[in-house]
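Student: Chains as they are written, first to last, in the UniProt record's numbering: chain P, 1 to 243; chain U, 1 to 305; chain Y, 1 to 485.
Worth flagging that the hints you see were computed from the coordinates, not collected in a lab. A few of these clues could be false.
[To be verified] Stretch by stretch, here's where chain P covers chain Y in the computed footprint (C-beta under 8 Å, at least three residues):
{"#": "1", "stretch": "286 to 299"}
{"#": "2", "stretch": "322 to 329"}
[To be verified] Away from chain Y, derived, C-beta distances all over 12 Å, residues of chain P:
{"#": "3", "residue": "Leu63"}
{"#": "4", "residue": "Arg134"}
{"#": "5", "residue": "Val137"}
Each residue gets a CB set at the ideal place from its N, CA and C atoms; glycine is no exception.
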Amino acid sequence: MSALHAEWTKAWTVPGTAWLLAGVVTLTPLLGVLAASSMAEGGDPARTSLLGVTLGQAAVVGLAVATVSGEYGTGMIRTTLTAVPRRLAVLRAKAFLVCMLTVAGGTAAVGASVAAGDALLPEGLSIAQGPVLRAAVGSVLYLALVGLLGVGVAALVRDAATAVGLVLGLLFLTPIVASLVSDPDWRERLLEWSPMTAGLAVQATVDLGSQPIGPWQGLGVLAAWASAALLAGAAALRLRDAS
Amino acid sequence: MEATIEVVGVRKRFGGTTALDGMSFTVTPGQVTGFVGPNGAGKSTTMRVILDLDSADAGHAHVGGRPYRELRRPLEHVGSLLDAGALQPSRSARNHLRWLAHSQGLPASRVEEVIHLTGIASAARRRAGGFSLGMRQRLGIAAALLGDPPVLMLDEPFNGMDPEGIVWMRTFLRQKAAEGRAVLVSSHLMSELQDTADHLLVVGRGRVIADTSVAALIAAASGDRVCLRTTARTPAMTVLAAAGATVAATGADSLTVSGLAAAGVVAALNANDVPFTEVSPHRASLEEAYMELTREAVEFRAAGS
Amino acid sequence: MTNSIRAEWTKFRTVRGWVIGLLTAIPLTVLIGLLGPLGSSFDCAGPNGAQCRGNTPPIGPDGTPVFDTFYFVHRTLTGDGSVTARVGALRDAEPWAKAGLLLKEGTTSGSRYAAVLLTGGHGVRMQYDFTEDIAGPSPDEDRQWLRLTREGTTLTGETSSDGRRWSTVGTVRLDFGERVELGMFVSSPQHLETSNTFGGRLDRGAPTVATTSFDQVRTTGAAAEDWRGTAVGIDPAREHEVGFTDDGGDLTITGTGDIAPIPASAGSLGKTAENALVGAFAGLVAVLVVAALFATSEYRRGIIRTSFTANPRRGQLLAAKAVVVGGLSFVVGAVSSALALPLVERAELAEGFFQHPTTWLTELRLVLGTGLLFAVAAVLAVALGMFLRRGALTVTAVVVGVVLPYLLAVASVLPTGPAEVLVTVTPAAAFAIQQSVEEYPQVAASYTPADGYFPLSPTGGLVVLCGYAAVAVVLAAIATRRRDA
Chain P
1 MSALHAEWTK
11 AWTVPGTAWL
21 LAGVVTLTPL
31 LGVLAASSMA
41 EGGDPARTSL
51 LGVTLGQAAV
61 VGLAVATVSG
71 EYGTGMIRTT
81 LTAVPRRLAV
91 LRAKAFLVCM
101 LTVAGGTAAV
111 GASVAAGDAL
121 LPEGLSIAQG
131 PVLRAAVGSV
141 LYLALVGLLG
151 VGVAALVRDA
161 ATAVGLVLGL
171 LFLTPIVASL
181 VSDPDWRERL
191 LEWSPMTAGL
201 AVQATVDLGS
211 QPIGPWQGLG
221 VLAAWASAAL
231 LAGAAALRLR
241 DAS
Chain U
1 MEATIEVVGV
11 RKRFGGTTAL
21 DGMSFTVTPG
31 QVTGFVGPNG
41 AGKSTTMRVI
51 LDLDSADAGH
61 AHVGGRPYRE
71 LRRPLEHVGS
81 LLDAGALQPS
91 RSARNHLRWL
101 AHSQGLPASR
111 VEEVIHLTGI
121 ASAARRRAGG
131 FSLGMRQRLG
141 IAAALLGDPP
151 VLMLDEPFNG
161 MDPEGIVWMR
171 TFLRQKAAEG
181 RAVLVSSHLM
191 SELQDTADHL
201 LVVGRGRVIA
211 DTSVAALIAA
221 ASGDRVCLRT
231 TARTPAMTVL
241 AAAGATVAAT
251 GADSLTVSGL
261 AAAGVVAALN
271 ANDVPFTEVS
281 PHRASLEEAY
291 MELTREAVEF
301 RAAGS
Chain Y
1 MTNSIRAEWT
11 KFRTVRGWVI
21 GLLTAIPLTV
31 LIGLLGPLGS
41 SFDCAGPNGA
51 QCRGNTPPIG
61 PDGTPVFDTF
71 YFVHRTLTGD
81 GSVTARVGAL
91 RDAEPWAKAG
101 LLLKEGTTSG
111 SRYAAVLLTG
121 GHGVRMQYDF
131 TEDIAGPSPD
141 EDRQWLRLTR
151 EGTTLTGETS
161 SDGRRWSTVG
171 TVRLDFGERV
181 ELGMFVSSPQ
191 HLETSNTFGG
201 RLDRGAPTVA
211 TTSFDQVRTT
221 GAAAEDWRGT
231 AVGIDPAREH
241 EVGFTDDGGD
251 LTITGTGDIA
261 PIPASAGSLG
271 KTAENALVGA
281 FAGLVAVLVV
291 AALFATSEYR
301 RGIIRTSFTA
311 NPRRGQLLAA
321 KAVVVGGLSF
331 VVGAVSSALA
341 LPLVERAELA
351 EGFFQHPTTW
361 LTELRLVLGT
371 GLLFAVAAVL
381 AVALGMFLRR
391 GALTVTAVVV
401 GVVLPYLLAV
411 ASVLPTGPAE
421 VLVTVTPAAA
431 FAIQQSVEEY
441 PQVAASYTPA
451 DGYFPLSPTG
461 GLVVLCGYAA
471 VAVVLAAIAT
481 RRRDA
């Protein structure tokens, strides 16, 4: 618990954290507003309004990676591990902190996106509808899981820029590759296993059958990616010298 | 114009803090100039202004009569060491020196020369990230020597050096000065400069508070005080006070006398049959002289001391 | 300046991680490109195990895969000759349904031809060898006269509203053999509807037929024989839908299909050169990370002060970094695409895909263009890195700016309108340099970013990215000059 408190203090005493959270909260609804206002008709209103999650996740990745890699960049990690020698406790505290921050920022971002969608879309968007609520809550969870993925990868590779490149590469490249694979089975498989497309399946509120994967199973796929990254990061943190 | 460093009326503010408040001095070739002052006195900022890394709000700093930014191959005019830790950890020492040499159009052979001059040949292939602070200082010195410059400017070069390194550094600095170069060395510890510097620039609160030779500074701090060693401390104090001197006890059998020359002290003691074993003119240490000077200039005094 | 460039080059090559990172872009580009064909196969077995039609389409004279499906009513012509007919308008037909006069080397799909024809919605045209299209007048009459004449190697297509005053639609020189087939044809392409909404794209297509009348038919030079009807390239299962009747010289012809190049599209089985370059995204991300690190590590370690001490003209440091990273990235981009193009294409051919052919000039543009794309994007990353001074922030900004718009526009996430805006105004516009597919105005198809068609020209797109890079360079130059190091 004291480890968490320490991480909390560290997070708030660097200006980057607040900026990145502000990025999540502003960028997400911004793209949602652009999408909703350019939308003629049809499509999936929830998905349209929540399109900004694709952009907001970049700030989440930045936040998660900064929480871990920031310490390696400055040698601060030695101080941290001296204060809390149980390294896994440090990682756990960081992961929990990133989760909390992302859920808080993500809730604001998603709430604003849904409100914007309701105002701008011709058919409106009500959070009271079950699928819309699921899409909204799922989007917040999606952001949190992306944050955990970032924490894991950052603990694994340590360098911030490399970690961001890896995570964004993983998120963005799989759908692009999938769109160019012509075999339907393979495409389906790629979309099912891609953390971004699978994870964002939770935003679908219409035509669920055309989605590569069910909403909650999709989040499960992303959770699997995040867990794998965290495990690898934990192993690396445990086994490597802190330098 | 002889190659040297000239700082004239430089002012620099960082936000609400005044870092430099009319800093002015000239560094003379052929001697080691110590640049001393407490932490935060503006030594590093002055050096950064000289190298055009920070811009001065007022005044100017010249190297060899010209602003630093006008120098074509600056490392051939002034060699500097500001932050020995400023290294890409995965790059080897030799490669660090290589890119610097390339930036000045210097041949690769010069890199090998400075590697040998600074005694880092055995470590030159290792990644600089694994260097001890002392090794980094040597690597920094090697970088400063690359262009064989007539002016050297080193910020706290003794930091992190082992005793052997300190001896090496002192010899090295004296040698460079003997070759006719101007050498400016900053330190916050006067003792490090005691046997190295010929001339001192003492700074406090962003300006020079003393610009003097080491000998003159010590003489000034010593004043006309006399050290007295005696087994009869109390009678001696009474006698000397009566003779018009100010007396302070500095130990169980030693006194410092001021206001009376050594001959006067001896005469007064002899006249009253007070025994003593030694009378000598007081010679202040450089540290004392410095403490005296900077007493008011110290901004950050440890609480309770 | 040469000294600065040399110094930056030494800086770069002496950090092994950067060299490895940059070189990784090459295998990344190639291997991810190979994922496409290796992960794709089609088992398109029709009933009774017959090979599906259309997997390997006919190939036109210049190597372009083509549609060559239509109903042909023809006679054999040896030497010079002509055909004239009055053709009934195609009412309520597909805009690119065609009825007209055709001279073709034979009845084999993909053979050369010239035609003057009436379309459902685009007036009279003269077309030949699939990719060529000359527009003629758009008549109002119900019936329009057409004439196609061969004299030596000159083919002339003419049209008239009354059969007396003729105007030339086009004259082309085409060298056919002596014996050709001459006559009338009707074709009608697939009806295509693409609904492209958020998160999904739905292509709906249905085959169509068109019927029209040809009267006052006259041929000169052709064999005096009965009209023969041939269903060229038409699926045998649909042959009963097409045919012709000859009512004493007045013919009525029903046809389906199209005579046109096949445009590449998202759903088509044909592979394009840009399919081979999909891995360039992964390669580009690697290059961007290295470029950003090359700039920001100066600040992270305080080396920037050493660099500025070595050369106080700060703009030169930025310029030297841009030259070194830009040059290296160009080489990496060009090499990785030069490797990916032939390797991936070979793998695709081995898997049985057909290729939309590209000329060597286009391939050269793709290779050099990918190099330039990598180079300019890397310069953007370096400049942004010098401006922002934070590695992670720089990588986030550049990857989001360059890759995310492409993802949203191309991977079928956005509807066409916003998608086209995105690949026009964002740095992702530069991927237009990788477009090898050609838009054919005479073929109705979905020409959207998702299909590989960019709104901007290849150079236009690259210029957009250059604009972003230039702004970043200016920002970085001002910042490095003003800021205390």
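Student: Provide an ascending list of the numbers of those earlier hints which the structure does not satisfy.
Tutor: 2 and 3
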